Amino acid sequence: MVAQRKMASTRQTYGETLIEIADSYPDIVVLGGDLNVSVFTHLWRDKYPERFFDFGPAEQNLIGVGAGMAASGKTPFVSTFSVFGVGRPFDQLRVLVSQGNLNVKLVCTHAGILTGEDGMSAHGIEDLSLICSLPSFTVVSPADSVETVQAVKTAAGTDGPFYIRLSRAATPVVHDEDYRFELGKAEQVRDGSDVTIFATGVMVSVSLDAAELLEQEGVQARVINIHTLKPVDEGAIVAAAGETGAVVSAEEHYFHGGLGSIVAQVVGQNVPVPVEMVALQGYSESARAEELMIKCGLTADKVKEAALKAISRKP
Amino acid sequence: MAGTGQDFKTCWELIVTDMMGSAASTKGQKHSIPEMQAIARELRRDIIQTIYTAGSGHPGGSLSELEILIALYFHVMNHDAANPRWPDRDRFILSKGHASPGFYAVLAKAGYFPREELATYRQLNSRIQGHAHPMTPGVEMNSGSLGMGLSFALGCALAARLDGKKYNVYALLGDGECDEGEIWEAAMSAAHHNATNLVAIVDRNRIQNDRFTDDVMRLEPLRRKWQDFGWRVYEIDGHSLDELVATLEKARRGRTKPTAIIANTVKGKGVSFMENNPGFHGRAPNAEEFAKAMEELA
Numbered sequence: 001m002v003a004q005r006k007m008a009s010t011r012q013t014y015g016e017t018l019i020e021i022a023d024s025y026p027d028i029v030v031l032g033g034d035l036n037v038s039v040f041t042h043l044w045r046d047k048y049p050e051r052f053f054d055f056g057p058a059e060q061n062l063i064g065v066g067a068g069m070a071a072s073g074k075t076p077f078v079s080t081f082s083v084f085g086v087g088r089p090f091d092q093l094r095v096l097v098s099q100g101n102l103n104v105k106l107v108c109t110h111a112g113i114l115t116g117e118d119g120m121s122a123h124g125i126e127d128l129s130l131i132c133s134l135p136s137f138t139v140v141s142p143a144d145s146v147e148t149v150q151a152v153k154t155a156a157g158t159d160g161p162f163y164i165r166l167s168r169a170a171t172p173v174v175h176d177e178d179y180r181f182e183l184g185k186a187e188q189v190r191d192g193s194d195v196t197i198f199a200t201g202v203m204v205s206v207s208l209d210a211a212e213l214l215e216q217e218g219v220q221a222r223v224i225n226i227h228t229l230k231p232v233d234e235g236a237i238v239a240a241a242g243e244t245g246a247v248v249s250a251e252e253h254y255f256h257g258g259l260g261s262i263v264a265q266v267v268g269q270n271v272p273v274p275v276e277m278v279a280l281q282g283y284s285e286s287a288r289a290e291e292l293m294i295k296c297g298l299t300a301d302k303v304k305e306a307a308l309k310a311i312s313r314k315p
Numbered sequence: 001m002a003g004t005g006q007d008f009k010t011c012w013e014l015i016v017t018d019m020m021g022s023a024a025s026t027k028g029q030k031h032s033i034p035e036m037q038a039i040a041r042e043l044r045r046d047i048i049q050t051i052y053t054a055g056s057g058h059p060g061g062s063l064s065e066l067e068i069l070i071a072l073y074f075h076v077m078n079h080d081a082a083n084p085r086w087p088d089r090d091r092f093i094l095s096k097g098h099a100s101p102g103f104y105a106v107l108a109k110a111g112y113f114p115r116e117e118l119a120t121y122r123q124l125n126s127r128i129q130g131h132a133h134p135m136t137p138g139v140e141m142n143s144g145s146l147g148m149g150l151s152f153a154l155g156c157a158l159a160a161r162l163d164g165k166k167y168n169v170y171a172l173l174g175d176g177e178c179d180e181g182e183i184w185e186a187a188m189s190a191a192h193h194n195a196t197n198l199v200a201i202v203d204r205n206r207i208q209n210d211r212f213t214d215d216v217m218r219l220e221p222l223r224r225k226w227q228d229f230g231w232r233v234y235e236i237d238g239h240s241l242d243e244l245v246a247t248l249e250k251a252r253r254g255r256t257k258p259t260a261i262i263a264n265t266v267k268g269k270g271v272s273f274m275e276n277n278p279g280f281h282g283r284a285p286n287a288e289e290f291a292k293a294m295e296e297l298a
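First to last, the protein sequences are chains A and B. Each residue of the first sequence is one higher than the one before, counting from 1 in my numbering. Each residue of the second sequence is one higher than the one before, counting from 1 in my numbering.
Isolated chain A (complex conformation) (with noise of 0.2 Å):
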């Protein structure tokens, strides 16, 4: 049996860290696209009116405004949903935001297939691909409620532009209270010896499930969180893969230019060992969060089964 974890949602704890970081940081405003109810940012809007801007959904015209408020001295955190937030003002974001190198943080939820029954259209799943495409971007992928707090924190002191991505439904907590976030270092959730599983997001937790079952095999599987994709710890993912041998890339989102294909380029680069992905394939349906995961293979038993070809792949 795996372990039984408490759930919690991230885009809830982004509108309470928002709230609580207020005071600390007199230059943050929040930026919406009429869904601020949906991204918890609705706490600060009825809290802060004054530092809150709505601009309808008109995703080009918020992030222009939020890179015109950071050229000012501003801190904006724009949120909206990560197909909004990233593939609609994609060039907004490159010729504004990431050549002109603002402060703009940008925090969307609603990534990946636990978005659900709005179906493939409401699926975030080639975020990450295309925000790690931008030069100057810092990019988070938090694994659960815990480290969502910290990263929100993280972004609103670090200078430059930052995109954390959220979930819409709630989430396996794996952090205890006490865990400290360190931007750009990967952090090892459990140590094993025969493979590493390098998982972002929510698939942190479904592998360390998937270690549970692999241990119950009598394989060792280190886990490593893998929260910061950009830049990302390359000395950690070569470390790990030098010492088990044999790797798995572990990710809800598109197989292409994700987690996966950075963990390769990493990989092939300085220390080839096999590679395998656990990644979306393609485009999904409506359904309920659970489902999908299951039906797209974003499971512990998946997790496992790339584990051992892996390891089976050892020369």
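By construction, these hints were calculated from the structure, which means they are not laboratory data. Do not rely on the hints blindly, as some may be mistaken.
Stated by the list, open to error - Quick list of the computed label-pair ranges, beta carbon to beta carbon:
| no. | chain 1 | residue 1 | chain 2 | residue 2 | range |
| --- | --- | --- | --- | --- | --- |
| 1 | B | Gln-227 | A | Lys-6 | 53 to 59 Å |
| 2 | A | Met-7 | B | Gly-282 | 52 to 58 Å |
| 3 | B | Asp-210 | A | Pro-57 | 29 to 35 Å |
| 4 | B | Asp-210 | A | Met-7 | 16 to 22 Å |
| 5 | A | Tyr-48 | B | His-192 | 17 to 23 Å |
| 6 | A | His-42 | B | Gln-227 | 29 to 35 Å |
| 7 | A | Asp-91 | B | Leu-124 | 53 to 59 Å |
| 8 | B | Ala-82 | A | Val-37 | 44 to 50 Å |
| 9 | B | Leu-124 | A | Glu-20 | 45 to 51 Å |
| 10 | B | Ala-82 | A | Glu-20 | 20 to 26 Å |
Keep in mind it's a predicted model, so treat the numbers as computed, not measured. Don't be surprised by glycine CBs; every beta carbon is placed ideally from N, CA and C.
Dock chain B against the given chain A, drawing on the hints supplied.
Relative to chain A, chain B alone:
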């Protein structure tokens, strides 16, 4: 001389004293209309020289926007070339970033960087890029993709309000650029958020990249569009420094809405064969055309 900075070097040595004089005096100084007309005559030559030296660039829109920029930088705006990041400065956002040669000529004349740097336009290791980027002193926003400047300017305008600052924000848009949906997203939201310190100026030269705006995408009734989006609108001759100064000064007073100024201009203004010629939106003159243009602008 083609393709070298030699002409510039010579010009630079001749006018260095004059330029340094301007650089020391931009903050708060209001140049007279005849002084600004003389600056326009001088900078038209700089624009042609810059683009010819680079071998590429956008002369048409640089020549159409010139008086607008001169009115802003030599009369209307509070700015300080010696302190480009002065927090209380009025902001100018060039949204039509391809018209950078006109912008650079004005910035150099105002003292933001040495005029001889115009010879490095579009060259390796230059800080004056093909499309305006904030690596250039005096440039606020990266550009080159149309439609973004009004949103950015609105962000600056709202930040001024949050900080209790009195500065104004000016965004210069191309008329072809108004095809971009983001312009109208920004227009709607600027009125909604009562950004009364925001002024949009449309360089209405009636030509976009390929053809006349009427052929590519009909914009009229343009004045009515801005009005219906909740803006106070003025329509003027965009080459008349009298009208520009009077209207831009009016835009600072009695404000309950953001202000749009439709500045009717002539694309390629001042060079007979470039005027109203879509062919000179985005190409440099050849040696023969360069000589003829400089002769006309002498």
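Evaluated hints:
Checked against the hint of 53 to 59 Å, the C-beta distance between Gln-227 of chain B and Lys-6 of chain A comes to roughly 56 Å, which is consistent with it. Between Met-7 of chain A and Gly-282 of chain B the Cβ separation comes to about 56 Å, which falls inside the hinted range of 52 to 58 Å. Checking the proposed 29 to 35 Å range against Asp-210 of chain B and Pro-57 of chain A shows it holds: the Cβ atoms sit about 31 Å from each other. Our hint of 16 to 22 Å for Asp-210 of chain B and Met-7 of chain A is violated, since their Cβ atoms are close to 56 Å apart.
Taken as a hint, the range 17 to 23 Å holds for the pair Tyr-48 of chain A and His-192 of chain B, whose Cβ atoms sit roughly 18 Å apart. Taking 29 to 35 Å as the suggested C-beta distance range, the pair His-42 of chain A and Gln-227 of chain B conforms, at roughly 33 Å. A hinted range of 53 to 59 Å is violated for the C-beta pair Asp-91 of chain A and Leu-124 of chain B, which are about 26 Å apart. Checking the proposed 44 to 50 Å range against Ala-82 of chain B and Val-37 of chain A shows it holds: the Cβ atoms sit about 48 Å from each other.
Hint check: Leu-124 of chain B to Glu-20 of chain A, Cβ distance near 48 Å, so the stated range 45 to 51 Å holds. Distance hint check for Ala-82 of chain B and Glu-20 of chain A: the Cβ-Cβ separation is about 42 Å, which falls outside the suggested range of 20 to 26 Å.
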